Each structure stands twice: as C-alpha cells, then as structure tokens.
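Protein chains: 4
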Amino acid sequence: MAGNSFGNIFKLSTFGESHGEAIGGVIDGCPSGIHLDLNAIQNEMKRRKPGQSAIVTQRKEPDEVKFLSGIFEGQTTGTPIGFIIENANQKSKDYSHIKDSYRPSHADYTYDKKYGVRDYRGGGRSSARETACRVVAGAIAKQVLKDIKINAYVFSVGDLELNTPYTELDLTKTESNEVRCPDENVAQQMIQKIKEIKKQGDTIGGTITCVIQNVPIGLGEPVFDKLHADIGKAMLSINAVKGFEYGSGFSGTKMKGSEHNDVFNSDGTTKTNFSGGIQGGISNGEDIYFNVAFKPVATTMQKQDTIDKEGNTVEMQGKGRHDPCVVPRAVPIVEAMAALVILDHWLLNKMYQ
Amino acid sequence: MAGNSFGNIFKLSTFGESHGEAIGGVIDGCPSGIHLDLNAIQNEMKRRKPGQSAIVTQRKEPDEVKFLSGIFEGQTTGTPIGFIIENANQKSKDYSHIKDSYRPSHADYTYDKKYGVRDYRGGGRSSARETACRVVAGAIAKQVLKDIKINAYVFSVGDLELNTPYTELDLTKTESNEVRCPDENVAQQMIQKIKEIKKQGDTIGGTITCVIQNVPIGLGEPVFDKLHADIGKAMLSINAVKGFEYGSGFSGTKMKGSEHNDVFNSDGTTKTNFSGGIQGGISNGEDIYFNVAFKPVATTMQKQDTIDKEGNTVEMQGKGRHDPCVVPRAVPIVEAMAALVILDHWLLNKMYQ
Amino acid sequence: MAGNSFGNIFKLSTFGESHGEAIGGVIDGCPSGIHLDLNAIQNEMKRRKPGQSAIVTQRKEPDEVKFLSGIFEGQTTGTPIGFIIENANQKSKDYSHIKDSYRPSHADYTYDKKYGVRDYRGGGRSSARETACRVVAGAIAKQVLKDIKINAYVFSVGDLELNTPYTELDLTKTESNEVRCPDENVAQQMIQKIKEIKKQGDTIGGTITCVIQNVPIGLGEPVFDKLHADIGKAMLSINAVKGFEYGSGFSGTKMKGSEHNDVFNSDGTTKTNFSGGIQGGISNGEDIYFNVAFKPVATTMQKQDTIDKEGNTVEMQGKGRHDPCVVPRAVPIVEAMAALVILDHWLLNKMYQ
Amino acid sequence: MAGNSFGNIFKLSTFGESHGEAIGGVIDGCPSGIHLDLNAIQNEMKRRKPGQSAIVTQRKEPDEVKFLSGIFEGQTTGTPIGFIIENANQKSKDYSHIKDSYRPSHADYTYDKKYGVRDYRGGGRSSARETACRVVAGAIAKQVLKDIKINAYVFSVGDLELNTPYTELDLTKTESNEVRCPDENVAQQMIQKIKEIKKQGDTIGGTITCVIQNVPIGLGEPVFDKLHADIGKAMLSINAVKGFEYGSGFSGTKMKGSEHNDVFNSDGTTKTNFSGGIQGGISNGEDIYFNVAFKPVATTMQKQDTIDKEGNTVEMQGKGRHDPCVVPRAVPIVEAMAALVILDHWLLNKMYQ
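Residue numbers (this note's numbering), protein chains in the order written: chain A, 795 to 1147; chain B, 795 to 1147; chain C, 795 to 1147; chain D, 795 to 1147.
Please keep in mind that the hints were generated in silico from the structure rather than gathered at the bench. The structure presented is a predicted model; accordingly, all values stated were derived computationally and were not measured. You may find that some hints are simply not true.
Copies of the same chain look alike in the list, so a pair counts if it works inside one copy or between any two.
[What the hints assert, rightly or not] Straight-line Cα separation of at most 25 Å, DMTMM-like style, residue types lysine to aspartate or glutamate; simulated pairs:
| # | residue 1 | residue 2 |
| --- | --- | --- |
| 1 | K907 | E969 |
| 2 | K893 | E972 |
| 3 | K1065 | E867 |
| 4 | K987 | E815 |
| 5 | K1065 | D941 |
| 6 | K860 | E880 |
| 7 | K940 | E955 |
| 8 | K1065 | D894 |
| 9 | K1144 | D941 |
| 10 | K1097 | E955 |
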C-alpha cells in the first residue's frame, strides 16, 4: 500500500536511500528449486552501475549484492530472498547545498511536503539508486523464465532516433557499445551527442525499446490487470519515465482498422503484429514490444535559480557526479521490470492449468 | 489478483459480460456521509452510452444504474456500494458468426486459449461494455473529490490533431459537440472525418487528453505506486488503449535538462509544467495532464479473412452496431479512471496527516 | 482494504444490508470450465436460511441466488461471477425502535461512531444476513474442490457438549436433525435446550466443529499466511464468533511434548493427529479439524436498559424474529468459509508445481 | 501472497532462516516524523532473546538490530525501514541429524513436500527465530501508538493457571520474574514446573493473555477484516499457536444472552466487557483482551522414533538448546503482533476522518 512492493505472487519489496548504509530488498514468492547463477546476477548489476563508461556518471559503486536468505546450497528454497547492497561511495557533503533548498524538477519539494522530513543526501529514497534492487530481482526473474527472452536497447537520444524496426536488428549487439544501441553506426552518433551535451553541462532525454519473445499464450488478467497495463505501470515507476506505448502505440492512433488488424495465420500466429503481442490484455504468443520515454536528467551542471524552504530565491548548480543521459544505464532496469511483470503473470497463470 | 478489482482503499470490483443478464460491481471503501447526486451519476452514464449521436454505435442501451446497497437516505454509509446495470438490448444472434471463429485483433483467440471457454456473444467479458461500471464508480469518486476538477477531451482523430495546449482551451466546451473536442472548428472536422471513415465501413484511432486540476500536494506512493504509474495503469487497462504519456511525455525526450526543468516560483508553484504536476511520483500541486492513445476499433464492416477454431480460413464481416471511432465515448471513461486513481491516493495520503 | 473482500486468488467481494433491496457479491478468480450444479448451491442456501425449523428465527426469506455473469452454458468461464439475493421479507418497521438507540452487544454503537451514519434496519451491514453471500461462494468453492470433504456440525449448545471425537461420529447424519448434531441422542437434548431458552425469551451460545478431509499436502504460505491462521481469520470474521482452536487447541497447552508429538508412520502419515493436519502452517495430509465458539445472540425478547444517541437511558425489548441459538444455521457458514480458504490456498499452491 | 508480508498500510515483510547469515525485514508505511527510541526497540529484543534466563533455551544470540534505511537523524522519514539481525551463534552441526529425517510435529516434512528442498539447519525458515523480526516491527509500532497500552503475560503453564482476571492484576509486574506472570506467587510455581519438565527432558504448553487499553473507538473493517479476526490471524501466525479467543471466548458459549450482553453506561462505555472491546468487528473503546494457546515445544530431549526421507524408521533425540516451554519468550511476540494489527487499523481508520 505504501508503495514499496511490486508484484503479487513474485513480489519485490525494497528499501534504502542513496546515501544510507545500504539498500536492499525482499523477494517473496520465488519458486523453489531454481539453481541461481550468481555471476549472471552480478553481471546485470554491472550493466546498471555508475562509472561503467565515459558517458555515464563517474560515481564509483561496486554494487555487489549480498544474499542473506532463501538460497541454500545454490538453490532457491521457496522462502523469501533477502539481499543488501552496500552504499560504498557516499559523498554526502556533495549534497549539503540541497539540505534546505529544492532542486527544480527533482522530488525534493514533494517529499518534503508529503513526509515533512527527508534524507536529502543524494536524493535519498527518490534517487535512482533504488533501481539497483529492481535489477537484482529482475535478474532472478530472468533465470526463472529461462525460455523467455527479454531484450531492451536505446532507441533514441534526444532527436537522434534509430529508424530500424527491432525485427531487423541484431539484438545481441546491444552490449557491444557504451550507449546500448544495437546499430553500431547510430550508437556512435548517440555517444557523440551525449558527450557534447555533457560538455555543455547539460543533459538530454531518450527512449528505450524492449522486446519480449517466447511468451506463452495466456498471460494477463483482464479487465484491470491486463498484461500491458502492468508492464506500463512497471515502466512508469522507473525514475524519469514520462511515457509508455506498446505495439503500434501512439502512431497506431493514425491508422485505420482495416490496416491495423493483425490477420491470423492458420496456426493462430498473426501476419502482422500491430497489437504488440497482447490482445484484450492477454498475451497471444507474438512478440511483445514497447517503448519507454525518459526525460532529460534534472541535475545539470549549469547555474539556475531555485527556492529554499522559506521561498527565498537561491542560485544552484549541480554538484557531484551525474548522468548526462539516463538511457544507457536504464536498459537493464527496463529489462528487469519487464521480467518482474512477466514472471508474476506467468506464475498467476499457472492457476488456470 | 484475478484482475477484476481496481484500487486499494477506494476499490472497485466489477463483473459482467456484454450479453449476459447484467453487468455491475461493488465499490468498497467509499467514505461515509457523502450525499450522492444520482442524476450526476446517470449523466456520466449518458456520456458513455451507445446511441448518443450519429458518430457512435447505434446500439440502444438505457444504461440505468441500480444501486442495491451502501446508500441510505441519500447518503453513503461507508459500507460497500453494490450496483447493477441491466443488459437491455442484447442481440446475441448478431454474434453467432464468431462462436467458432476468432475476429482479428480482438480478444476471442486469447480468451479461448487462456480460459478454454468463452461467452462469445458481443465479446463477452472483453467487450468495452464493462467500462460502464468504471463510469459509475468514477462518477461517485468525482463527487467525493468535489474540489478537484477532471476534464478529458478528444485531442486527435487519426492524423487530425488539435494543435492547442489545454491551457488555451475552454474545457467547458467539450460537451458542446458530439466528438467531445473543445475547439468547435476542429471538432467539426473530426466529426466529418469519422463520418467518412464510417461510410467506408472502416474505423480510425485517436487520442484523448485529460487534465486534473486542484490536486493537493502529496498524492502518490513511491517507489512503485507513483501517482503517474497508477494513472498510467488505469488508462492502459481501458479497452483499445495503446499508449500513455504525461507532462512532456515522448516529446520531452528530445529536450535538454536546462529547457525541461520547471523553475520554482517563491510559493513553490512552477513557472513551467513539463513535469505534468508530478515530481518523484508525488503530486506537486500543479495541473496533472496526460495523453492516452486509442487504436482503431478492430471490428470493421469490411470483409476480411480469419480463422476458426480448427485453423481453417473463413471470411468474416463485422455485423452488429459498432463505433467507427472510440474516442468520443471514451472521454468519460478516461475521466472515471482518473477519478478512481486520484481518490484512492487522496484517501491513502490521509494516513500521513 | 475496506474489508469486504476475502481471499487472494479465489476472491469474494460482498455487498448488501439486511433490509436493502438486495445483497450480493462478486467472485473473482474462479477457475474456468467448472460445470456448476446450481441445485447444490441452492441447497446450501437452504441449510442457512431462516424459517427452516422450529428452533431458528421464523423470518421467511426464499434466499434464491441469481447469477448474473461468469457462467455460460452451465460452465464457469474464468470471468467474475456476479450474483444477487433479493431481500424479500424486510419488515423495516420492526426496527424503528433502534433508529436512535443502541442495542447492547450489537454493532449499532460502533457503526455509528465509525461511519457517522448507519442503515439501522435489521442491523444493516452488521446483520448476519451478509453471510448468505459467503454460502454462495463457499458452495461454488466446494464444487471446485470436489475431492476434498468439508463437514461441520454442532458440538455444543451452552454447556451441553457432544463428548465424542469426530473420528467416532457418522458425519453423514449431521443433516438428519434440526440442530445439525450427528449424534441423534445429543441432538434431541440440544433441540430441547434451545426450545426452553427460547421460551424464556433468552438466547444461548454454542460451538461448531469442522473437519476437512483429503486435503493435499502443501497448502499454506508461511510465515504469516499459515493455513490455520487464514482458517482462523475466516472463522473469526463470522458474526458472533469469539474463539477458534485447531488440532489439540487450548487443551493441548496442558500436554507435554512427549505426549503431544505426532509420530510418523513410514508413509508420512501420523499415528496421532494433535497437530490438526497442519505443521508449520502447511497441510500435512492428515485431517484438519477445528472448533469455533459462538456467543449467545445479543437480541433477546427480555426487557433491558440501554442508551439512545444522546446517552439517555431507554428501555428496549427485542422485536422481530430472531434465533435463540445461532449454531444450527451457522454450520453451513463455517463450511463455506473453510471452503473459501482451502480453495484459495489450493490455487496458490499450484504455483509450486 | 507468498505469505511473508503482514499488514496493509503498516506492512512488515520478513526474510531469513535460523542458520543463514542474517534475518531481517522491511517495514513499509511507517508514518514519518516519529522520533524512534532505539533502546526501547532493543529492549523488546531482549525480552524475546534466547539465553535470558534459566527456563529458556541456552543458545546465545545478541540479537542486535541494525537499521539500514528509513530513519534519518533519529526520525522516521516515511520511506521503508530496512533492518537486519545477524545470526551470530549458529551451530549448524547440531542439526546434521535432521538433514535427511523428519522431526515429529515439526515442519520438516511439510516444507520438504511443499518446496522440494529445505534449509534444514535449525528448522530454517520454520524456526521461531523469524519472530525476532516481528518484535522489531512491533516495537516501532508501539512507539507510533504511544497512547495505546499493550500488555501480555503468561496466564498458564500446563494445567497451572493464574485464576485472576486481568483487571485485578498489576500488569507492571509482568517483567519482574523470568516466566512473565504478574502474580509473583503463581510465577514461582510456573518456574518450578518448567524446571521439572526440563529435567525430564520434556516440554510443556501454556497460554498467554494480552490486554490492549486506550484503543480509540472505530478500528476494524467489517465484514471480513474485523478487528478481532485480524488479531486472531496475527496470533495464529506465531509458531506453536493452536488457539485464540477474545472477550468471553469459549466460556462465553455457555452463557445466556441476558447474562452476556454488555449494558451501556450513559457515556457509551459498558458496565461489563464480555465483548472484549469489539462489537461487530469494530473497537468500542473498552479494553481488548484475548488468550492465545501455545502447544508444547516439539523438540524434546527424549528419544523417539521417526522416519527419514525414504520412510525408514530412525531413532531421534533432540540436540541443541531448546525451550522447555515457549510462553515466557512468546510474551513480547504476542505484544508485537498485537501492535502491528492495531497500528495498521489505526492508520486505515484515518481515512474515515
């Protein structure tokens, strides 16, 4: 209810502030008997962690997950998996300037008004550091769902877009460059763009596309817990996300029904896939694909006016180490949240069998 | 869990198929002591109901809500509000052609695969008829939230867009035309477009914009139940919705942080509102606004090939009475779902006070 | 959250006041493809309904269930089952005396204080009439669980106890007498006792024992949703219940571990069953048995002093038609709630398979 | 869903096995701005911890709670409170004898059957060690509820009962002796009894009474989430509990309505309190009191036959360090669970104000 749990059957509850001692979580409902590959989990952490390349924040965090329960002799036991990730590289003094002031387009103001008190260091709970816990749970979910492939990649940085449908891309190339775009040519342009933006002390938005393949038919619980509704919520819960569309999305609104309808093949598959793999809220076995919009990071290195708690105007300039563009590091987060939703619905759907 | 309940504190559970005896629901958690204006509720039903104009389906349904509990001497009592809406105008024989066949881009196939059995008449549970129950609950929520204004309107039909920001529109004019677009000029073009599409036996998509004003600061429960994440899920749960964006949305991804940041006034309001009234998942007191994308209705009056249960190709043509474009009737549904989310979070937020 | 839903996967949400137009509910999460025997459901209703014998309230209610959705051509479809039961025999004028006064040991006072307003007629929502909806859902649950046998019976009326363990009783005889005690001899004494109490214008308490057989091993979700914890909550949610014990219960507290431990047979069954079929919150395949304590009905036909809303002392005397002892009619309610819990956990446990 | 979370608004999710690295949990929904007294929390831990006296298990665990989030400069921030308790004194080799065998009346067998794998060391997740996390959360809940007094004490050990109603006891004396019985004379007899039982290598059951005072009127959410139903579930979820009764409980079933009814005073209080402070599932402002039945600990130091995984008979004898009677250490657990329920309902009830 208070908002820090996600999922019904496979349920993640997280805790932790950016500059507290540790962040962590509890995964409840993980099936038993899963032999976990801990390296694979740590590898997902590396894809998200700061300092991984020249185009992301230069903060250093080892981001090592420590599992405390629910795993015995390498296998999940069906009991809750508790884990923590220590906050190693807190430089709290970087944040003393925001103790009594509100950064524009950050959550400082709303947290203060809602709770009356906040841990201002590094954004506290509102920091995207929290998403590390999502990646842990998502990495486990991926291992449970081993036959289902979930691949996200950067589709655009600012107005620089990858104008190729996912069906014509080699998604295994996503990790071959720093920006996580599977087209090497466009990737280099994106990297260049981010470097320029960074040089200006500014930031830029972008979009991520995610493709989920080999999803069994039948996942999704209409009428409210439609599969795409739960995926959409999952994506919108990620820091900085402003929009979500699946299948034909916003551009589908310009189409006619006669163009948009996905005609069946005799085996129940469809000739086109404007529907994005979901009909009536239930997966139909086709690929699920969707786009997620990320706003530009609010912390810039440029000076700007803002207010303090008393409403006085103060000048502020970003300190610390921040991302000029959030999408390269958000790719594993999008995949993780997708995995959580798919696994939860996959478990739910077992009831019908 | 099985997907037919929405909300945590103010919770709607619905039931009913398109061509069964009745649809209905239970609203649990409605505060007591609310003097309900039943006419206002029925008026919201009229905005959604079929047969209201020349550009919507010509089915006739009185859509009269009958309340069975939870209201005593005109006031809510705090106990659950049960209600039913009879299905008056079922023409089940219109649907015998889909008993054993799957309409393209409909939920026939996925329901059959998931549940093994389906009430095929009129789409059964997957019919948008179900949204009538959402409008009932939303109409009650609006009355509880009396100081909060929720206004949706048609922003586009196909590629015909209303190129005016909501701040320059007179939203009281939305109901002055059949298509529910507050700009009379654009409205007439939209109506014309829908009529042409209908003449072709085809359908067209569109988008709806919704604006929520006077929302108190503090609604939203990070990190997963962010206010916009719950609004997004609510919208994506509506039939035919393919996308959701709030504030700057997808276009915000092309902006720089220095442009996108909403600078504070000394009273905590902001000079711009790219954030869409929500920061870190919590309302900041500014207007909340968002767009919802609807695909073209899948049932066209044109002939198309599809398959039956055995995988044989069969020719199909839409029968019955269908909407050529769903957005005019979807406006009150978008408002209703928005009201459900805002009220639920408003009640949740009382815990912090 | 607001308390009118029960269960996670197989979820019942109910509505309705004693003297409103109808009571009813929504059952969400019922598996599809179940051929429902509607007579069997109505038969359970008859076991609960008023006017069935000389020792229960003489109110007349046909208590006919009307299903509105979720069932198609005799089968469940996996979509929510909506149902209503009309309130046929309301004599609201019987209750004008409690409009402004609070009956002792009734919920009049607490409802008024909590909600500020109440439908006083017949106790409104706090009336045990609400349990009719539980019986509907329980009757469906029983049909889904067809191999699991759930049998409740009256164990005591006042201090008159059935001193025979359930293993030595023929539980098929429970329905052979009005009081629902499987020992004919004790049953007649109980009936006699209730008649005497009724003649005095008084009421009396009693206990019900319930036995659940053929439960598969593995139901229950430790550590909080232990099977017996959920059964206990289910029972305690029934009107007038004051206590719950399972297996050795309160008398087990007087035993030594060496006596109480259930020694295994080589097939995993146990030689004794002090545990009551549950170990560590998980069913072990042995019989689950438990006792439920019901207080004496608060409405007596004797005069008593009470207070009105202003705190003035007023004299009150029960009017209307009330049960002198609640246990005979509570037997099917206990079974219904047990069925809801077992089915919910049975569906949950499918995730582990 | 998977059973390791408790509460709706103030929600505790726990993890951890008896002999893993640590146990811990996440408390979500704690109101912000609470100045926490960490010593008071640690003090509650001491009341539960092993090794505290001669009549409890001699295991040594410091049971120090380490808070990782949600508290900033001594105050709760409204964000989730993560905490861990290290398992310091694991002697896993004590448990090698149960690796392949099932202890009678323990959860070894049911965990193995449900999950297919188990951490057998010290009972793993089924160990009462898990309740330490409940005490942490309960201690915080008590501080939030500062005006509400929750006092539990040992009412009986075996057949040795404290025959004094709570209203005639000085509950401040509960902590003055090792067994936690507020009557010093009876306490000494209980201690003596437990020592004798221990000398026999046996164990004994007992009951705990709990009294909650100063509860505001209005807590509880009928019809299913009645206040006593949630308290009952909370108690039944504690290891070894076999029964729960509140107010007049099982003995109330022997009373007549004319004796049992609690007559009002003019201020709405009642002259008697057979109802146990709850009417219709809602607190009425009177004291809430209830009894909880604990079975004898299953691990005895006597030899007994049991089976291994293959069904072979093996002889087993308790090793390690175990409680001869669980009730002295269960007193703070009962209080903690009571505090969780009351706080959760207290927060929920704010919605009505």
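Here is how each hint holds up against the structure:
no.: 1; hint: K907 with E969; in the structure: neither (41 Å within a copy, 36 Å between copies)
no.: 2; hint: K893 with E972; in the structure: neither (34 Å within a copy, 48 Å between copies)
no.: 3; hint: K1065 with E867; in the structure: neither (47 Å within a copy, 33 Å between copies)
no.: 4; hint: K987 with E815; in the structure: neither (36 Å within a copy, 46 Å between copies)
no.: 5; hint: K1065 with D941; in the structure: within (23 Å within a copy, 45 Å between copies)
no.: 6; hint: K860 with E880; in the structure: both (9 Å within a copy, 13 Å between copies)
no.: 7; hint: K940 with E955; in the structure: neither (31 Å within a copy, 44 Å between copies)
no.: 8; hint: K1065 with D894; in the structure: between (58 Å within a copy, 20 Å between copies)
no.: 9; hint: K1144 with D941; in the structure: both (16 Å within a copy, 20 Å between copies)
no.: 10; hint: K1097 with E955; in the structure: neither (29 Å within a copy, 37 Å between copies)
In summary, the numbered hints that this structure violates are 1, 2, 3, 4, 7, 10.
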